[in-house]
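So you can see what is in the structure, the chains are spelled out below.
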Amino acid sequence: MNYIYNYLVFPGFLFAGFCGMLASFIDRKITARLQWRKGPPLFQPFYDFIKLLGKETVLPSGVSKSIFLISPLVGLSAMTLVSTILWLGLLYSKGFAGDLLVLIYLMTIPSISVIIAGFSSKNPIASIGASREMKLILGYELPFIFSILVVIIKANSIKLSDIINYQILNGPVLNSISGVLAFIIAIFCIQAKMGIVPFDISEAEQEIIAGPFIEYSGPPLGIFKLTRWMMLFVVPSFIVATFFPAKTFSGNIFRYLILLVIVTLIRNTNPRIRIDQAIRFFWVHCTVLSFIAVILALFGK
Amino acid sequence: MGNKFSCLFAGSINLATAIGIDNMSKLTLNVLTKSIWVFHAACSPCNNCDIEILDALTPRYDLERFGIVLAGSIRHADALLVTGVPNKKTAPRIKLLYEQMPKPGVVIAVGTCSCGGNIFRHSYNFVKPLDEIIPVNAYIPGCPPKPEAIIMGVVKLVKALRRGNK
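From first to last, the protein sequence lines stand for chains A and B. Mapping of the first sequence onto the numbering used here: position 51 corresponds to residue 51, and the numbering continues sequentially without gaps. Mapping of the second sequence onto the numbering used here: position 120 corresponds to residue 120, and the numbering continues sequentially without gaps.
Just so you know, these hints were derived from the structure itself, not from any lab. It should be emphasised that the depicted structure is a prediction, and the values quoted were computed from it without experimental measurement. Think of the CB as a built atom: it goes at the ideal place given N, C-alpha and C, for glycine as much as any other residue. Errors might be hidden in some of the hints.
Claimed, not checked - Using C-beta positions, here's what the derived DEER-type ranges look like:
id, chain 1, residue 1, chain 2, residue 2, range
1, A, 168, B, 54, 47 to 55 Å
2, B, 128, A, 38, 38 to 46 Å
3, B, 54, A, 14, 36 to 44 Å
4, A, 97, B, 96, 54 to 62 Å
5, B, 51, A, 3, 40 to 48 Å
6, A, 249, B, 30, 31 to 39 Å
7, B, 103, A, 280, 17 to 25 Å
8, A, 254, B, 30, 28 to 36 Å
9, A, 156, B, 61, 50 to 58 Å
10, B, 59, A, 250, 30 to 38 Å
Claimed, not checked - Among the chain B residues that face chain A by a calculated CB cut under 10 Å, a handful are:
id, residue
11, 62
12, 64
13, 65
14, 78
Looking at chain A on its own, in the form it has when it is part of the complex (with noise of 0.2 Å):
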């Protein structure tokens, strides 16, 4: 009964969703205001959210119904487990031995979901977005995994909330050369997971038009942009867990804040990457530089 409360309530769906929209509000309104532009108001998302919710759902002749459908509800429940597995280890301490390598698998996950969901609409624009999607994750999991082999060497443990006292007790990763390499590098990551400006490849509106999503309308389409909403949020608190904890939860929440500036900054003063420049960019300078954080580590620097 507990678990079901965690994950549908607290840590897990409401709270994720209530977050990851405001998330986006802060987002839309930071890139409005360095556009000089006055922005959204609060509430946009819940509008844009519920509107998606009350429209007509078009079906492309030919698709697989189910699959169709279903690939949504993959990636939003996947997010939501992520969200609730994480915000129990950063408030209470709970988890079990290795969630930190659950928590990597299950953050593929929604990606997963698009790829899914682009080569089932039967488009061939759907399709360019989700190989483009297939070949982003290629490119990024390494160098993401590499970033926090070097908090797991620094904290000696794969369990999520031994890694936070170890952090709360010694001070946190970030402190080190290793520790501010991996950061970089998994910011750089994230960027990628989350689908946002550098490397928004797999949808990028101006040429693709929205990748994967071309078919969605709808229910299905608002369940896509509530589990991306919820990513900005998830993800990046991922990262302050992994690197840089806090004791409590505003001071977590604080924490999160930086990162998503620092992301929305990045978003806006960077424009779209090609897919070949983006896999070459994670493969050759972002492996190295992690594989050398992980060296680093290694000796305790």
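Based on the hints, put chain B in the right spot on chain A.
Just chain B now, with coordinates in the frame of chain A:
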């Protein structure tokens, strides 16, 4: 002539029935009018209206204040913004676009061309006016209409939608 902030309406037809919102809850309608995603269909225009629409979306007028965002795919759209004269090439396509739009959705004719044909109405490839091909909810005349006129038209449409549901 088109610089006046004029915006005509489709007379006394029941707007709510026309776009399929007559049995919609008030909450859904309220949020629908607060978050309008626009699909811009250029139906062989001379591009002046398109430039004015793009002007209306720039930071100077900032339509995101009202939740209006340009959508890339017709399946995401709530409003179909049509510019230009429907001719033999574009008339079937604009009909197809309208059928693909998830309902409830509105159609806005921007510019005198899409409102009634303008100087092209006696042309060899002119089929029929836009509102005889698809139902049009708001007309924004002008050649081209100013961004202020476009915003005025959208505001009047939103007000009419809210009034129609009461």
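Hint by hint, here is what the structure shows:
Distance hint for residue 168 (chain A) and residue 54 (chain B): a CB-CB separation of about 52 Å, consistent with the stated range 47 to 55 Å. The hinted window of 38 to 46 Å between residue 128 (chain B) and residue 38 (chain A) holds, with their beta carbons roughly 41 Å apart. Take residue 54 (chain B) and residue 14 (chain A): their Cβ atoms lie about 39 Å apart, and the range 36 to 44 Å holds. Range check, residue 97 (chain A) to residue 96 (chain B): about 57 Å between beta-carbon atoms, so the 54 to 62 Å window is met.
Distance hint for residue 51 (chain B) and residue 3 (chain A): a CB-CB separation of about 56 Å, inconsistent with the stated range 40 to 48 Å. A beta carbon spacing of about 33 Å between residue 249 (chain A) and residue 30 (chain B) agrees with the range 31 to 39 Å that was offered as a hint. Between residue 103 (chain B) and residue 280 (chain A) the beta carbons are some 45 Å apart, a value that contradicts the proposed interval 17 to 25 Å. One distance hint, 28 to 36 Å for the beta-carbon pair residue 254 (chain A) and residue 30 (chain B), holds here, with the actual separation near 34 Å.
Hint check: residue 156 (chain A) to residue 61 (chain B), Cβ distance near 57 Å, so the stated range 50 to 58 Å holds. About 34 Å separates the C-beta atoms of residue 59 (chain B) and residue 250 (chain A), a value consistent with the hinted range of 30 to 38 Å. Checking residue 62 (chain B) against chain A by beta carbon gives a least distance of about 4 Å; that is within 10 Å, so the hint holds. Given hint, residue 64 (chain B) at the interface with chain A, holds; its Cβ is 5 Å from that chain's nearest Cβ, closer than 10 Å.
Among the interface hints, the one on residue 65 (chain B) holds; its C-beta lies about 5 Å from the nearest C-beta in chain A, closer than the 10 Å criterion. Checking residue 78 (chain B) against chain A: minimum C-beta separation of about 7 Å stays under 10 Å; hint holds.
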